[in-house]
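A.B. asks: So you can see what is in the structure, the chains are spelled out below.
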Amino acid sequence: MIRIKGKAVSPGIAMGRAQLYNFEKEVIRAENIGEKSVEKEIWRLENAVKKSRAQLKKINLGLQKIMGKDAAFIIETQYLLLKDSHLLDEIRGTIQNKLVKAEWAIKQVEKKYLEIFHTIPDLSFKAKSNDISDVLNRLIANLKKGGPAAAAQQPGQVILVADDITPSEAATLMSNKRLLGLVLNKGGETSHTVILARTLGIPAILDTVNATDSIFSGDTLALDSVSSEVIVQPTPAVAEEITEKIEKFRQYKEQLKNLSQLPELTRDLHQFHLYANIELPFESEIVQSYGAKGIGLFRTEFLYLDSKMSISEEEQYLIYKNIAKNIFPHPLVIRTYDLGRDKSDPQAPRREENPSLGMMAVRLFLKDREPFKIQIKAIMRANSSGNIRILFPMITEIEEIRAIKEIMAEAKKELQRAGTFPKKDVKAGIMLEIPAAVRLIRHLGHDIDFFSVGSNDLIQYLLAVDRNNSDVSYLFSPYHPAFIHILKEIRTEVDRIGKEVTICGEMAGQPVPALMLLGMGFTNFSMNAMAIAEIKRVFTQIHYARLRKVVGHLDRFSSRTEIEAFLNTELLKLYPELLQRSQGSV
Amino acid sequence: MIEKTQLIHNKLGLHARAAAKLSHLANLFTSDIYLIYNEDKVNAKSLLGILTLAASVGNEIILQASGGDEQEAITAIGDLFDRKFDEES
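One line per chain: the protein sequences are A and B, in this order.
Counting from 598, one number per residue, gives the positions in the first sequence under my numbering.
Counting from 2, one number per residue, gives the positions in the second sequence under my numbering.
Hints listed in this document are in silico derivations from the structure and should not be mistaken for laboratory results.
Note that the structure is a prediction, hence the values are computed from the model and not measured.
Where is the CB? At the ideal position from N, CA and C, for every residue including glycine.
Hints should not be assumed to be uniformly reliable.
Listed next, the in silico DSSO-like pairs over lysine-lysine satisfying Cα-Cα at most 27 Å (straight line) [what the hints assert, rightly or not]:
{"#": "1", "chain 1": "A", "residue 1": "1170", "chain 2": "A", "residue 2": "1096"}
{"#": "2", "chain 1": "A", "residue 1": "1002", "chain 2": "A", "residue 2": "1024"}
{"#": "3", "chain 1": "B", "residue 1": "42", "chain 2": "A", "residue 2": "680"}
{"#": "4", "chain 1": "A", "residue 1": "964", "chain 2": "B", "residue 2": "42"}
{"#": "5", "chain 1": "A", "residue 1": "680", "chain 2": "B", "residue 2": "85"}
{"#": "6", "chain 1": "B", "residue 1": "42", "chain 2": "A", "residue 2": "654"}
{"#": "7", "chain 1": "A", "residue 1": "970", "chain 2": "A", "residue 2": "1002"}
{"#": "8", "chain 1": "A", "residue 1": "1146", "chain 2": "B", "residue 2": "22"}
So the derived list for chain B, only partly shown, Cβ under 10 Å to chain A, looks like this [to be verified]:
{"#": "9", "residue": "5"}
{"#": "10", "residue": "10"}
{"#": "11", "residue": "20"}
{"#": "12", "residue": "25"}
{"#": "13", "residue": "28"}
{"#": "14", "residue": "30"}
{"#": "15", "residue": "42"}
{"#": "16", "residue": "47"}
{"#": "17", "residue": "53"}
{"#": "18", "residue": "59"}
{"#": "19", "residue": "63"}
{"#": "20", "residue": "65"}
{"#": "21", "residue": "68"}
{"#": "22", "residue": "69"}
{"#": "23", "residue": "83"}
Some, not all, of what chain A presents toward chain B, calculated at C-beta under 7 Å [said to hold, decoys possible]:
{"#": "24", "residue": "684"}
{"#": "25", "residue": "713"}
{"#": "26", "residue": "715"}
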């Protein structure tokens, strides 16, 4: 038995047979054929093309079932490439002129195009070479008698182990119901693969670096997202332990499902509201089943980056409108592009010495207004149902709000001229992420309708600490007394001007920090949909009045360790059972 | 055979979606249609061919068509470029 550590990106526990996928890449050799065989090779090629087209179509359909129409962009280019008769003519020509097998001809054509694409400096063209390789390798796999030896075609349920998988592979493997779990050497927390795994409730451990070296197909694997590890060939005792955990996790999920039906009230009938943060449009179809009463934060960066910045007003309008419809009558808060910093924006003008103090979010767009205005127009236009709100990130000063208001007015005028402005004005809010904005709440509040606290960034900018830097990340704490002070200031100042505020950073989805916020008087929380049920379980079991008292004592402490210890002890005294580490939380 | 010089207006140039629209349109005509850019000449009916041009905004390319419907082809394709491939509003 060995244990391999990784990063759990989709919660759950699973045990089953390992299936190595796509790991040993086949070496294709040049094999000459006689002229008589040319016809046969071309026939094989044409068959493989037919099969590949049918497969891509099926993948697309499967994807649409779980993701809606937005699925198309994942494999659109590949499908189009297969329909390109010139690409196929070129492969045919290579078979005829060089007298080689279809496999080798495909490889030659792939090589030629990869070379061309690698000389192109523009990154968005370069990325296309992945699509070309993906689709040509599918062709090669389909030349074999049995077709691609995908795990999807193995009998029984398996845990898939691979170096990395392409979006089209992930979609095929996950949309059939045979996948028990996923283990990948590589990482990427926001990849489409991860989002699919979470949506479908398939546990996934990534970043295992070299799991494919120590796991063989057919090995028994246990996958545990709580400990973030993969256990290879568990001993009988460990296997039994895992089986128990799986059953407990199942019961736990069942219990959480029931929770989503409960009203959002503490035991002493204090009202709270739980919303979901989403990144991809299709998530809006499922968040309500996790208990979300609206979307508190729709991050739109992916729309922008996935479309290589070309997304039109019309396309965005349709996406926003559809999400608003899915979540109606609950609210949908759309945050405008929060680009820059680590968001890997290929458009980023140049390397900055201090990206998190540089050109980002609203700052970028006040310089180049066009894409920003298109987004604002699309959001305004989509609001015919009246439940859409718009949220602007990274606000530092009032001039920014004035400039935004100007753009909004222009956008409204243009829509009215085009006859596409719905009667309802969209409410506008800002993120409180930069401490300066907190100090200005009463001024900023004149021109805007609501606030949203991005707790991760607010902590980072308040404490001057990068939480991804392991040397200083210990300082990144929601219990830092200065941060607690600023939270109280937010509550007081926002109340003074009679506006609303929602907490939407990571702490909103963590039980103890969220309880602290609730005790401070915050009532709106927006979080990863997976966390909602757990927060609801905790909130519905406590008394607001008692919590308030506990939190009232926090002023006495001057250190984050004291505050954290005090909260944990007091909560344990009041509710001994409440915070036993819940099974399966990531 | 007729030729037309065409300016690329859309911000992203001939990227995948635009190239797909272009090759789809070109395939509706019986004429032979080519794009010429930087001494490269590619068949306008081939998506992959168009992609290899990597032509971007502000560049000029030459549309060339020869065949029974060459005039219609050049007009329709020129129009697609001028409409910025319907991708910007």
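A.B. asks: With reference to the structure, classify each hint as holding or not holding.
C.D. replies: Verification of the hints:
1. For the given pair, residue 1170 of chain A sits about 35 Å from residue 1096 of chain A by alpha-carbon distance, which is inconsistent with the 27 Å threshold.
2. With a C-alpha separation of about 12 Å, the suggested pair residue 1002 of chain A and residue 1024 of chain A falls inside the 27 Å cut-off, and the hint holds.
3. Restraint check for residue 42 of chain B and residue 680 of chain A: satisfied, since their Cα atoms lie roughly 21 Å apart, inside the 27 Å limit.
4. Distance hint between residue 964 of chain A and residue 42 of chain B is unfulfilled; the C-alpha atoms sit about 38 Å from each other, more than 27 Å.
5. Of the supplied pair hints, the one linking residue 680 of chain A and residue 85 of chain B holds, its CA atoms being roughly 23 Å apart against a limit of 27 Å.
6. The straight-line distance between the Cα atoms of residue 42 of chain B and residue 654 of chain A is roughly 32 Å, outside the 27 Å bound, and the hint therefore fails.
7. For the proposed pair residue 970 of chain A and residue 1002 of chain A, the alpha carbon gap of about 11 Å is at most 27 Å, so the pair holds.
8. Between residue 1146 of chain A and residue 22 of chain B the CA atoms are separated by roughly 64 Å; this puts the pair beyond 27 Å, and the hint is violated.
9. Taking 10 Å as the C-beta contact cut-off toward chain A, the hint placing residue 5 of chain B at the interface is violated, the least distance being around 22 Å.
10. Interface hint at residue 10 of chain B: violated, since its Cβ lies 13 Å from the closest Cβ of chain A, which is beyond the 10 Å cut-off.
11. Given the 10 Å rule on beta carbons, the hint for residue 20 of chain B holds: about 8 Å separates it from the nearest Cβ of chain A.
12. The criterion of a C-beta within 10 Å of any C-beta in chain A is met by residue 25 of chain B, whose closest approach is roughly 8 Å, and the hint holds.
13. For residue 28 of chain B, the interface hint holds, the least distance from its beta-carbon to any beta-carbon of chain A being 8 Å, beneath 10 Å.
14. Because the closest C-beta pair between residue 30 of chain B and chain A is about 14 Å apart, greater than 10 Å, the hint is violated.
15. For residue 42 of chain B, the interface hint is violated, since its Cβ never comes within 10 Å of a Cβ in chain A; the closest pair sits about 13 Å apart.
16. Satisfaction of the interface hint for residue 47 of chain B is found here, the shortest Cβ-Cβ separation to chain A being roughly 3 Å, below the 10 Å cut-off.
17. A cut of 10 Å between beta carbons decides the hint on residue 53 of chain B: the least distance to chain A is about 5 Å, and the hint holds.
18. Look at residue 59 of chain B: its Cβ only gets to about 13 Å from chain A, farther than 10 Å, so that hint breaks.
19. Because the closest C-beta pair between residue 63 of chain B and chain A is about 19 Å apart, greater than 10 Å, the hint is violated.
20. The interface hint given for residue 65 of chain B is broken, as the beta carbon of that residue sits about 16 Å from the closest beta carbon of chain A, more than 10 Å.
21. Given hint, residue 68 of chain B at the interface with chain A, is violated; its Cβ is 17 Å from that chain's nearest Cβ, farther than 10 Å.
22. A cut of 10 Å between beta carbons decides the hint on residue 69 of chain B: the least distance to chain A is about 20 Å, and the hint is violated.
23. Hint on residue 83 of chain B is violated. Least Cβ distance to chain A is approximately 16 Å, over the 10 Å limit.
24. A hinted interface residue such as residue 684 of chain A counts as satisfied when its beta carbon comes closer than 7 Å to some beta carbon of chain B; here the least separation is about 5 Å, so the hint holds.
25. Look at residue 713 of chain A: its Cβ gets to within about 5 Å of chain B, closer than 7 Å, so that hint holds up.
26. Because the smallest distance between the Cβ of residue 715 of chain A and any Cβ of chain B comes to about 11 Å, over 7 Å, the interface hint for this residue is violated.
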